[in-house]
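Engineer: Chains as they are written, first to last, in numbering that gives the first Met the number 0: chain Y, 0 to 127; chain S, 0 to 127; chain B, 0 to 127; chain R, 0 to 127; chain E, 0 to 127; chain X, 0 to 127; chain V, 0 to 127; chain L, 0 to 127; chain Z, 0 to 127; chain A, 0 to 127.
Worth flagging that the hints you see were computed from the coordinates, not collected in a lab. Computed from a predicted model, the values in this text were never measured in an experiment. Some hints here could point you the wrong way.
Said to hold, decoys possible - The following label-pair restraints were derived from C-beta to C-beta distances:
| hint | chain 1 | residue 1 | chain 2 | residue 2 | range |
| --- | --- | --- | --- | --- | --- |
| 1 | V | Ser68 | S | Glu89 | 53 to 61 Å |
| 2 | B | Gly49 | S | Arg48 | 20 to 28 Å |
| 3 | A | Gly117 | E | His35 | 36 to 44 Å |
| 4 | A | Ser68 | X | Pro36 | 34 to 42 Å |
| 5 | X | His35 | R | Asp2 | 32 to 40 Å |
| 6 | A | Ala40 | X | Thr27 | 25 to 33 Å |
What the hints assert, rightly or not - EDC-like, lysine to aspartate or glutamate: derived pairs with alpha carbons at most 20 Å apart:
| hint | chain 1 | residue 1 | chain 2 | residue 2 |
| --- | --- | --- | --- | --- |
| 7 | V | Lys60 | Z | Glu72 |
| 8 | A | Lys63 | A | Glu7 |
| 9 | Z | Lys51 | A | Asp85 |
| 10 | S | Lys51 | Y | Asp115 |
| 11 | Z | Lys51 | A | Glu7 |
| 12 | S | Lys60 | Y | Asp115 |
| 13 | E | Lys63 | E | Glu89 |
| 14 | X | Lys60 | R | Glu72 |
| 15 | B | Lys51 | S | Asp115 |
What the hints assert, rightly or not - Here are some of the chain V residues that sit facing chain L, going by a computed Cβ distance under 7 Å:
| hint | residue |
| --- | --- |
| 16 | Val32 |
| 17 | Gly34 |
| 18 | His35 |
| 19 | Ala78 |
| 20 | His101 |
| 21 | Arg103 |
| 22 | Gly107 |
| 23 | Ile108 |
| 24 | Val111 |
| 25 | Ile112 |
| 26 | Arg113 |
| 27 | Asp118 |
| 28 | Pro120 |
Just so you know, even glycine gets a beta-carbon here, dropped at the ideal spot from N, CA and C.
This is what each chain is made of:
Protein chains: 10
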Amino acid sequence: MPDTTLLECFPSPGDEAFVVEHVNEEFTSVCPVTGHPDFGAITVRFSPRGAKDGGVCVELKSLKLYFQSFRNEGIYYEAVTNTVRDHMVEAMRPRWLQVVTHWRGRGGIRSVIRADHGDVPAEWRGKG
Amino acid sequence: MPDTTLLECFPSPGDEAFVVEHVNEEFTSVCPVTGHPDFGAITVRFSPRGAKDGGVCVELKSLKLYFQSFRNEGIYYEAVTNTVRDHMVEAMRPRWLQVVTHWRGRGGIRSVIRADHGDVPAEWRGKG
Amino acid sequence: MPDTTLLECFPSPGDEAFVVEHVNEEFTSVCPVTGHPDFGAITVRFSPRGAKDGGVCVELKSLKLYFQSFRNEGIYYEAVTNTVRDHMVEAMRPRWLQVVTHWRGRGGIRSVIRADHGDVPAEWRGKG
Amino acid sequence: MPDTTLLECFPSPGDEAFVVEHVNEEFTSVCPVTGHPDFGAITVRFSPRGAKDGGVCVELKSLKLYFQSFRNEGIYYEAVTNTVRDHMVEAMRPRWLQVVTHWRGRGGIRSVIRADHGDVPAEWRGKG
Amino acid sequence: MPDTTLLECFPSPGDEAFVVEHVNEEFTSVCPVTGHPDFGAITVRFSPRGAKDGGVCVELKSLKLYFQSFRNEGIYYEAVTNTVRDHMVEAMRPRWLQVVTHWRGRGGIRSVIRADHGDVPAEWRGKG
Amino acid sequence: MPDTTLLECFPSPGDEAFVVEHVNEEFTSVCPVTGHPDFGAITVRFSPRGAKDGGVCVELKSLKLYFQSFRNEGIYYEAVTNTVRDHMVEAMRPRWLQVVTHWRGRGGIRSVIRADHGDVPAEWRGKG
Amino acid sequence: MPDTTLLECFPSPGDEAFVVEHVNEEFTSVCPVTGHPDFGAITVRFSPRGAKDGGVCVELKSLKLYFQSFRNEGIYYEAVTNTVRDHMVEAMRPRWLQVVTHWRGRGGIRSVIRADHGDVPAEWRGKG
Amino acid sequence: MPDTTLLECFPSPGDEAFVVEHVNEEFTSVCPVTGHPDFGAITVRFSPRGAKDGGVCVELKSLKLYFQSFRNEGIYYEAVTNTVRDHMVEAMRPRWLQVVTHWRGRGGIRSVIRADHGDVPAEWRGKG
Amino acid sequence: MPDTTLLECFPSPGDEAFVVEHVNEEFTSVCPVTGHPDFGAITVRFSPRGAKDGGVCVELKSLKLYFQSFRNEGIYYEAVTNTVRDHMVEAMRPRWLQVVTHWRGRGGIRSVIRADHGDVPAEWRGKG
Amino acid sequence: MPDTTLLECFPSPGDEAFVVEHVNEEFTSVCPVTGHPDFGAITVRFSPRGAKDGGVCVELKSLKLYFQSFRNEGIYYEAVTNTVRDHMVEAMRPRWLQVVTHWRGRGGIRSVIRADHGDVPAEWRGKG
């Protein structure tokens with residue numbers, strides 16, 4: 000079951016701002032209406048606070064396990080996107096965070112959902 | 000027969016703004032002049048109001064059935080585009096909504112129609 | 000013989016602004032100097048006035064026949080482009096209209112001609 | 000021998016502004032230093048004055064013959080570009096004109112030369 | 000072991016500003032959590048101070064050896080990116096420096112990390 | 000040995016501003032550290048002063064020989080880029096000049112160096 | 000309702016063998032299990048008998064109407080493919096005929112079905 | 000749990016030979032060693048016996064559910080491939096059947112497994 | 000009106016075998032059923048007899064005029080292909096000749112027709 | 000004027016068979032019917048006899064001048080191809096030689112001509 004506590008973090012390696020992007024193209028959850036599996040890609044982008052301010056980065060293996068915890072959840076695309084944003088914001092308290100999900104389609108319809116937290120930092124503008 | 004009541008919605012999963020895009024590349028209706036089938040792709044993009052404000056998202060299976068209800072309708076490209084915009088605005092009352100249809104062509108002419116409701120949100124500018 | 004009366008229109012399906020693009024990649028006319036056929040693609044983009052204001056859209060089958068009426072006309076590229084703009088503006092009185100012709104080339108020279116009527120609407124800026 | 004009088008023009012087909020682009024990918028002249036042939040593409044873009052103001056467009060067959068008149072001329076890339084600009088400005092007195100030449104290369108060096116007359120019109124900005 | 004002293008520099012060849020980009024697509028280090036190797040590409044961009052002001056450029060062979068010194072280090076992606084930025088800023092004191100790392104993925108997740116020092120110079124804006 | 004005197008020039012063919020780009024994809028010099036050959040592409044862009052003001056353009060055959068004079072020089076990438084800029088500015092005194100070098104890579108690292116003289120002219124903005 | 004009599008034919012234009020390929024990328028029928036529409040492309044290839052032997056070719060407008068007659072039929076992919084083969088063989092008695100259907104997918108599965116009648120003629124071997 | 004009885008079949012639509020290919024790009028199972036999910040594409044190709052001989056085709060919705068039954072199975076790539084072949088041969092007794100699985104990779108290694116039953120029919124040789 | 004006499008020929012320039020291919024991507028004729036224009040590309044390949052044996056090649060300008068003579072003919076795709084083959088065989092009596100037509104499509108169906116005369120010569124096998 | 004004596008040769012550097020290909024993408028001659036220039040690419044491939052047998056290779060600068068000698072010749076595509084084959088066979092007496100010309104098109108028709116001398120050697124089969 001997806002849960003913020005699955006997300007382990009390590010201290011940000013410095014005090015200056017920087018930007019991180021993680022892309023997982025093997026995301027799967029279950030449609031809450033039909034019970035059929037959904038497949039997609041999930042992208043998380045964020046800028047941690049500086050180390051002095053207690054800034055942290057999510058550890059990759061824990062992120063993988065966190066994403067895998069959605070495998071048998073019945074959950075809408077929109078809720079996956081908002082839930083991941085909220086859990087990661089809670090775990091890292093970053094300067095900025097963005098979640099984009101691309102879904103392979105069901106019933107002939109493919110979807111993209113995007114949720115943001117904070118303003119896109121100057122270093123990343125025009126990206127993603 | 001296309002009808003707003005075919006569109007089922009579920010509460011938006013949060014209060015913060017986010018953006019949704021659904022693309023159906025298997026849209027078909029019937030030309031009101033010649034009676035021949037038309038084929039195209041239809042894209043709907045919107046940003047729901049927050050959950051606190053009664054914001055909702057369209058449910059995908061109902062969206063699929065709604066799109067299928069155009070299958071034997073005699074209707075112009077322009078009317079498909081405006082009708083979908085109006086039905087979805089009525090069903091969701093979103094902050095922003097945009098419908099774009101791409102038609103494969105008839106008589107050697109291919110067409111694109113685009114209709115908007117509200118202003119493109121900052122998160123999506125420069126997209127689509 | 001090309002003529003505004005070949006263009007049939009139907010009432011715009013709503014009052015809100017929207018944008019239409021029709022592309023015909025099978026346009027042909029005749030060079031007035033050499034008598035040889037010219038081949039090209041013609042793109043028409045426009046935004047109709049609202050239904051309340053008597054706004055109309057061009058009907059596709061009539062547009063096809065209108066384009067075919069150039070088949071044996073001896074006419075310059077530049078005149079095709081301006082004539083189509085003028086005829087369609089006369090037939091629809093749109094908020095905005097744009098005609099772009101791409102010609103496959105004659106004597107080793109290929110050409111693009113573009114003529115506008117009114118200002119590009121905000122919904123289409125950065126397109127086309 | 001290249002000469003403005005080779006360029007025949009016909010009256011602009013209307014009074015509203017529009018934009019024309021002609022591309023010849025089969026341009027050849029001779030290097031004045033080595034005597035070897037040079038090969039390239041030449042693009043001319045212009046916006047004629049309106050018909051009422053005596054605006055004219057260059058006729059394509061005469062443009063082809065004009066370009067062919069460089070075939071055995073010993074002339075620098077830079078002079079080709081400036082000469083074509085000057086001859087065409089003299090022949091058409093357009094609102095705006097631009098000449099761009101792309102040369103296939105000699106001695107391992109390929110070149111692009113660009114010369115303008117007047118300001119790029121709003122309809123063409125961000126193009127070419 | 001990565002260390003600023005591995006980075007040898009030579010005096011900047013002039014006083015006017017210019018911009019340098021080095022890309023190494025064969026970077027490898029070790030995951031501090033699993034002990035498995037990580038593979039990626041690392042890009043360094045910088046603008047040195049002028050020669051009069053003691054500006055220097057990193058020497059390429061020493062940069063190669065510096066990058067190779069990460070081969071058996073157990074280190075997070077984020078720390079690689081920040082460490083390289085900090086070491087190179089220390090070695091060169093440039094006007095501007097940027098490090099971007101692209102990682103091939105581990106556990107189905109691929110990542111991009113970007114860290115900056117100073118403002119992007121006018122000559123490079125809109126690049127990279 | 001590279002030297003400004005290798006660069007022969009001819010008078011600019013007119014008084015209006017225009018822009019020239021020469022690209023040599025067969026540039027080679029020698030690494031001053033390892034003695035191994037370096038291979039790359041060198042691009043020079045400039046806008047000459049008008050003929051009345053004594054403006055000149057570099058002659059292509061002399062440019063080829065000038066580039067070939069680097070063949071056995073032990074010289075850093077950065078110094079090639081700055082040297083070419085300085086020699087060409089000295090030879091032509093242009094309104095604007097830009098040199099960009101792309102190096103195929105050594106030790107797994109490929110590099111791009113860019114040096115400017117003067118402001119990019121309006122005709123070329125957004126290019127290159 | 001699909002039926003051989005929808006297929007009109009005209010006499011083969013000669014006695015020598017030749018090969019015809021018709022591709023319709025806008026085929027749609029209905030899934031007999033779920034009632035949802037299926038979308039795909041259907042390709043028909045054949046070699047008619049010579050005119051002297053009563054050879055015929057299918058007329059294109061009738062072929063279009065024949066394909067459209069499947070629009071609201073509940074029928075398996077495999078049956079579409081075999082039915083079209085059988086109807087067309089009955090209508091034309093060709094030397095050779097081949098039907099290939101490509102289906103866009105349902106439930107994440109996309110399919111290709113191929114049915115033949117007679118031997119591939121020498122002129123078409125290695126094709127399709 | 001995967002099981003032949005999940006596969007429903009319908010009678011082959013004819014007596015002549017034909018070939019069917021189904022591709023599912025959303026296959027997932029679980030690694031029996033690490034417990035992590037595996038992702039891949041599975042392709043099944045077969046030629047059913049004729050209807051007179053009791054030939055059958057697998058029904059697509061049942062095939063989807065059959066593939067989904069592997070979702071939480073701990074099973075090797077090789078066993079998935081052989082199991083699907085054996086189950087489908089048992090369910091359909093086809094003239095020919097082939098299963099190919101493409102796996103996205105784990106630990107930097109991606110894999111393809113292929114298992115056959117019977118001889119490739121002449122119509123499909125040189126394919127797949 | 001298409002006619003063999005439109006095709007002018009000149010003596011083959013030698014006695015050894017060689018192969019010629021002419022491609023016209025601007026072919027147009029008229030559908031005999033609907034009266035609408037058809038657009039396509041026509042390719043002619045042939046190997047002339049040797050000069051000693053009276054071998055001839057078709058002259059290009061006459062071929063252009065011959066193709067243009069179909070412009071207002073009501074004729075099936077299949078008849079265009081066979082007619083061109085027969086006319087050109089009559090005009091040139093070549094060792095080998097092949098005509099392939101690709102049609103842009105009408106009613107959503109695009110077509111390819113191919114007709115041969117004689118055996119493909121060894122020099123061209125595996126081509127086209 | 001094209002002439003075998005323009006082609007200078009040097010002794011083949013060895014006795015074992017090998018294959019040479021020269022491609023000139025800047026070939027131009029003149030149409031004997033219209034007087035307009037033709038543009039194309041010419042490819043020559045050959046295998047020289049061994050040095051012991053007096054085998055020779057064509058010298059590149061002389062080949063360039065030979066090709067340039069066609070610049071103002073009025074000559075058919077087919078004759079260019081056969082003439083180059085014959086001249087080069089006469090100059091080199093190679094084991095095998097092949098000439099292929101690709102012409103950019105005139106009157107909307109583009110052409111490829113191919114002429115051979117001797118059998119394609121085993122090293123080159125399936126090429127070109």
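Engineer: When you take the CB atoms of Gly117 (chain A) and His35 (chain E), is the distance between them in 36 to 44 Å?
Structural biologist: violated, 58 Å
Engineer: Does Glu89 (chain E) lie within 20 Å of Lys63 (chain E) when you go C-alpha to C-alpha?
Structural biologist: holds, 17 Å
Engineer: Just to be careful: measuring from the Cβ of Gly34 (chain V) to every Cβ in chain L, is the smallest value less than 7 Å?
Structural biologist: violated, 11 Å
Engineer: When you check the alpha-carbon spacing of Lys63 (chain A) and Glu7 (chain A), does it fall within 20 Å?
Structural biologist: holds, 11 Å
Engineer: With a cut-off of 7 Å, does the beta carbon of Arg113 (chain V) approach a beta carbon of chain L closely enough for the hint to hold?
Structural biologist: holds, 5 Å
Engineer: Given the hint that Lys51 (chain S) pairs with Asp115 (chain Y), test it: the Cα-Cα distance must not exceed 20 Å.
Structural biologist: holds, 18 Å
Engineer: Min Cβ distance, Pro120 (chain V) to chain L: is it shorter than 7 Å?
Structural biologist: violated, 15 Å
Engineer: Given the hint of 25 to 33 Å, check if Ala40 (chain A) and Thr27 (chain X) actually sit that far apart at their C-beta atoms.
Structural biologist: Cβ of Ala40 (chain A) to Cβ of Thr27 (chain X): about 28 Å, so the range 25 to 33 Å holds.
Engineer: Can Val111 (chain V) be said to touch chain L, with a Cβ gap under 7 Å?
Structural biologist: Status holds, d = 4 Å.
Engineer: Using Cβ atoms only, decide whether Arg103 (chain V) comes closer than 7 Å to chain L, and label the hint accordingly.
Structural biologist: For Arg103 (chain V), the interface hint is violated, since the closest Cβ of chain L sits about 11 Å away, which is over 7 Å.
Engineer: Quick check on the hint: Ala78 (chain V) CB to chain L CB, less than 7 Å?
Structural biologist: At 4 Å from the nearest chain L Cβ, Ala78 (chain V) passes the 7 Å test, so the hint holds.
Engineer: Mind checking the CB of Asp118 (chain V) against every CB in chain L and telling me if the closest is under 7 Å?
Structural biologist: violated, 9 Å
Violation of the numbered hints given earlier is confined to hints 1, 3, 5, 11, 12, 17, 18, 20, 21, 27 and 28; the remaining hints are satisfied by the structure.
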